[in-house]
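*Asks:* Chain residues, written in single-letter form:
There are 2 protein chains.
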Amino acid sequence: MAERHDAVEVIRAKRDGGRLSDSQIDWVVDAYTRGLVAEEQMSALAMAILLRGMDRLEIVRWTSAMIASGERMDFSGLSRPTADKHSTGGVGDKITLPLAPLVAACGVAVPQLSGRGLGHTGGTLDKLEAIPGWRAELSNPELMAQLEDVGAVICAAGAGLAPADKKLYALRDVTGTVEAIPLIASSIMSKKIAEGTGALVLDVKVGSGAFMTSLEDARELARTMVDLGTDAGVRTTALLTDMGTPLGRCAGNGLEVAESVEVLAGGGPPDVVELTLALAGEMLAGAGVTGVDPAEKLADGSAMDTWRAMIAAQGGDPDAALPKARETEVLTAPRAGVLTRLDAMAVGLAGWRLGAGRARREDPVQPAAGVEWHARPGERVSAGQPLFTLHTDEPARFERALAALDGGWEIGDSHTPAPLVLDRII
Amino acid sequence: MAERHDAVEVIRAKRDGGRLSDSQIDWVVDAYTRGLVAEEQMSALAMAILLRGMDRLEIVRWTSAMIASGERMDFSGLSRPTADKHSTGGVGDKITLPLAPLVAACGVAVPQLSGRGLGHTGGTLDKLEAIPGWRAELSNPELMAQLEDVGAVICAAGAGLAPADKKLYALRDVTGTVEAIPLIASSIMSKKIAEGTGALVLDVKVGSGAFMTSLEDARELARTMVDLGTDAGVRTTALLTDMGTPLGRCAGNGLEVAESVEVLAGGGPPDVVELTLALAGEMLAGAGVTGVDPAEKLADGSAMDTWRAMIAAQGGDPDAALPKARETEVLTAPRAGVLTRLDAMAVGLAGWRLGAGRARREDPVQPAAGVEWHARPGERVSAGQPLFTLHTDEPARFERALAALDGGWEIGDSHTPAPLVLDRII
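Note that the protein sequences, when read in sequence, are chains Y and S.
Using the numbering used here, the first residue of the first sequence is number 1, and each one after it goes up by one.
Using the numbering used here, the first residue of the second sequence is number 1, and each one after it goes up by one.
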C-alpha cells in the first residue's frame with residue numbers, strides 16, 4: 001500500500017532536480033492510473049522528467065510501478081524457453097516477420113506482442129493484416145496454445161499489460177514529452193517484463209529514420225533498457241543498428257510481407273537476412289539454446305513451415321495473393337553511377353504519404369501502399385533505370401510522396417556502405 | 001490574426017531551449033484561452049518555461065498576448081492621474097489599506113483591483129470584508145464614478161481582464177509551475193497593464209514569509225516586471241522589501257483593518273508607516289505629483305477622511321465595530337531579553353491555521369481570526385509578558401497554530417533589526 005503523497009509535491013521534487021522516492025513513484029503512477037492525478041499534472045511531471053532526468057534506481061522503480069498497474073503473464077508452463085524482440089522502429093523494418101518463426105523453428109517460443117504504427121515507421125500488426133484473413137487479436141488461452149503448438153505468435157498486446165503505460169504514452173504523444181529516455185525505456189520494458197518473456201533482444205535504431213538520431217542517445221537508451229531487463233530477471237541484450245538507410249528493398253505493409261517471405265524462402269535482401277540472423281543469435285543465446293544454426297533453418301525450409309503454421313493459426317491464408325495497389329509510379333535514375341545515399345526518413349515519409357502509415361491512431365492504412373527502391377547504397381545504376389516504384393490506391397498521393405523523396409537520394413561515383421550492426425550492449 | 005501552429009511544436013521548441021516566436025506565443029495563448037490547446041499541453045509548456053526560461057522579448061509578447069485575451073480599461077477620462085500598487089504578498093501586509101486612501105488624498109486616483117488570499121498570506125479583499133456591509137464587487141461604471149468622486153477604490157478584479165491569466169494561474173497552482181519568473185511577471189503585469197493605470201509601484205517581498213526567499217530571485221522578478229511595465233508605457237518602479245519578519249503587529253483580516261485605521265489616525269507600527277510612506281512616494285512620483293508630503297496627509301486627517309469615504313462608497317460602515325474572535329490564547333515570554341527573531345512564515349502559518357486564510361479557493365475565512373505579536377525584533381520583553389495573542393472562533397485550532405509558532409521566534413540579549421526596504425528598481 002503506497003504512502004499518501006500529493007501531485008504538486010512530487011512534481012516539484014523532480015522539477016527542482018531531486019530524485020523521486022520509491023514511495024513517491026509508486027503513489028504517482030498508481031494515482032495517475034486511477035485518475036486521482038490529473039492529466040495536466042502528469043504532463044508537467046513528464047516534462048520535468050524529460051528535462052531533469054532520472055537515475056537508474058528511479059527508472060527501475062518507475063518501471064515496476066507501471067508493471068504493477070496491470071496483469072503479468074506467465075510462460076513458465078510452456079515446454080520450451082521464451083525469447084522476444086523489440087525494435088524501437090525503423091523504415092522497412094519487417095524483421096519481426098521472418099524472425100519470430102525462425103527462432104521458433106530453432107526450439108524457442110516467441111511471444112511477440114506488437115503494436116500498430118504511427119507516423120513514418122510501420123507497425124508489425126499493420127503489415128500482417130495485409131494477409132487475407134489474418135487476425136491480430138488473441139485471447140490469453142489462444143496465445144498460450146499457439147505458443148505451445150506452433151512456437152511463435154505475433155499478436156496485439158492485450159489491454160491488461162501495464163495500463164499506466166498506455167495512458168501515459170497517449171499523454172506524452174500530445175504534450176511534447178515523448179523524447180525522454182527514462183520514459184521511453186520504462187514504457188518499452190514495463191510491457192516486455194509484464195509479458196513474462198525469459199529472454200529479450202532490443203534492436204535500437206540509430207539514424208535519420210529512427211527515433212534516436214545520435215549514437216550517444218541510442219546507446220544510453222539501450223544501456224538503460226538492458227539494465228532494466230537484467231534487474232527484472234530477463235536475459236536482455238541490445239544491438240544498435242543503422243537506420244540512416246532503410247532496411248531491405250521496400251517499405252509498406254503488403255510489400256514487406258512479400259519480402260519477409262523471400263527471406264523465409266532462403267533469399268531476400270542481404271541486410272534483412274543479416275539482421276534477422278544477428279537478432280536470432282541473441283535470442284537463442286538468451287534462451288540458452290546452443291548448437292542450432294538459424295541460417296540452416298532458413299535454408300532447409302523449417303522456418304518457412306513455422307511461418308505458414310503461425311499465419312494459418314491466426315486465420316490467415318499463407319498462400320493467398322497479397323493485395324496489389326491500383327496505381328504505381330516509377331522514378332528513374334537521371335544518370336549512371338553508384339547510389340551513394342538513400343535516406344530512411346525520406347523513404348519513410350514517402351511511404352506514409354502514399355497511405356502505408358497513419359497520422360492519427362484511428363486512421364486506416366492501405367495494405368498495398370508503399371515504396372520499393374531498386375538500388376541500395378553501394379549498388380550501380382544505369383541512366384534511365386527505375387530507382388523507385390511508388391504504390392498507392394490513390395494517385396493524388398504521388399505528388400507529395402515524390403516531394404518527400406526529393407533530396408533523399410544521391411548518385412555518385414563510388415560508395416562503401418557503413419556496417420549495419422553498430423554496437424552490442426549486454 | 002495569429003498564424004496556425006501546433007501545441008506540440010510550441011512545447012518542443014521551448015523544451016529544447018529555443019525561443020518562442022511572436023506568432024507561436026500569440027497562437028498558444030489565444031488557443032489555450034479558447035480551449036483549443038488542452039490543459040495538459042499548457043502544463044507541459046509551463047514546466048518547460050519554468051526550466052528553460054524566456055528572454056525579455058518573449059516575456060513582453062507573452063504578457064501582450066494575455067492582455068489581448070480580454071478587455072482593457074481606460075482611466076484617461078478621469079480628472080487626475082492614476083497610480084496603483086502591487087505586492088507579491090507577505091504576512092501582515094495590510095499596506096494597501098492605508099496606502100490607497102493616502103495617495104488619493106494627495107491628488108492621485110488609485111484603482112486597486114485586488115484578489116483574495118490563498119495559503120499563508122492574506123488577501124486584501126478578505127481583510128476589507130471584515131468591515132460590516134463592505135462589498136468587493138463593483139461594476140465598471142461604479143468603479144469609474146468612485147475613482148472620480150473619492151479617488152480610491154479597492155475592489156475585486158472583474159473577470160474580463162486577462163482571462164488567459166485566470167485560466168493559466170489555476171493550472172499552475174495544481175501542476176507545480178507557479179515558481180516561474182516569466183509566468184509570475186506576466187501574470188501580474190498583464191492584469192496591471194490591462195487595468196490601464198498610468199503609474200505602478202511593485203512591492204516585491206523577500207524572505208521566509210514571501211514567495212521569493214532569495215534576494216537574487218526577487219531582484220530578477222522586480223527587474224522583469226519593471227521592464228514589462230515600462231515597455232507598456234506604465235511608469236513602473238519596484239521596492240524590494242524584507243519579509244523575513246512579518247509587517248506591523250498583527251496578521252488576520254479584522255485585526256489588520258484595525259491596525260490600518262491606527263496608521264490612518266497618525267499612529268500605528270513604525271514599519272507599516274515607513275513602508276506606506278515609501279510606496280506612496282513612488283506612486284506620487286510616478287503620477288507626476290510633486291510638492292505634496294504624504295506624511296502630512298496622515299497627520300492632518302485627510303487620508304482618514306478618504307478612507308471613510310472609500311469604505312462608505314462600497315457599503316461599509318467605517319464606524320462599525322470590527323468582529324471579535326470568540327476565543328483567544330496567550331503565549332508568554334519564558335524569560336526576559338530582547339526578541340531576536342520573529343519568523344514571517346511561522347506567523348503566517350499560525351494565522352492561517354487559526355482560520356484567517358483558506359486552503360482552497362472556495363473556503364470561507366474567519367474575519368476575526370489571526371495572530372497578534374506583542375514584541376517585534378529588537379524590542380525588550382520581560383519574563384511572563386504576553387508574546388503572542390491568538391484569535392479564533394474555533395478553539396480546536398489553537399494546538400496546530402501554536403505548533404506553527406514553535407521555533408519561529410527567539411529571545412536573546414541584543415538585536416539590531418535589518419532595514420525594511422532592501423533595494424529600489426527603476
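Hint data in this document are derived by calculation from the structure and do not stem from the laboratory.
Do not take every clue at face value.
Going by beta-carbon spacing under 8 Å, a handful of chain S positions derived as facing chain Y [unchecked claim]:
#, residue
1, L51
2, D55
3, L57
Restraint-style ranges between C-beta atoms, simulated for each label pair [to be verified]:
#, chain 1, residue 1, chain 2, residue 2, range
4, S, D55, Y, A295, 38 to 48 Å
5, S, D16, Y, A159, 46 to 56 Å
6, Y, S414, S, G17, 37 to 47 Å
Sample of chain S residues lacking proximity to chain Y, with all beta carbon distances greater than 12 Å (derived) [unchecked claim]:
#, residue
7, A156
8, A180
9, R223
10, G266
As the structure is a prediction and not an experimental result, all values here were calculated from the model.
Note that the Cβ used here is the ideal one computed from N, Cα and C, for glycine as well.
*Asks:* In ascending order, which of the hints set out earlier in this document are inconsistent with the structure?
*Replies:* 2, 3, 4, 5, 8
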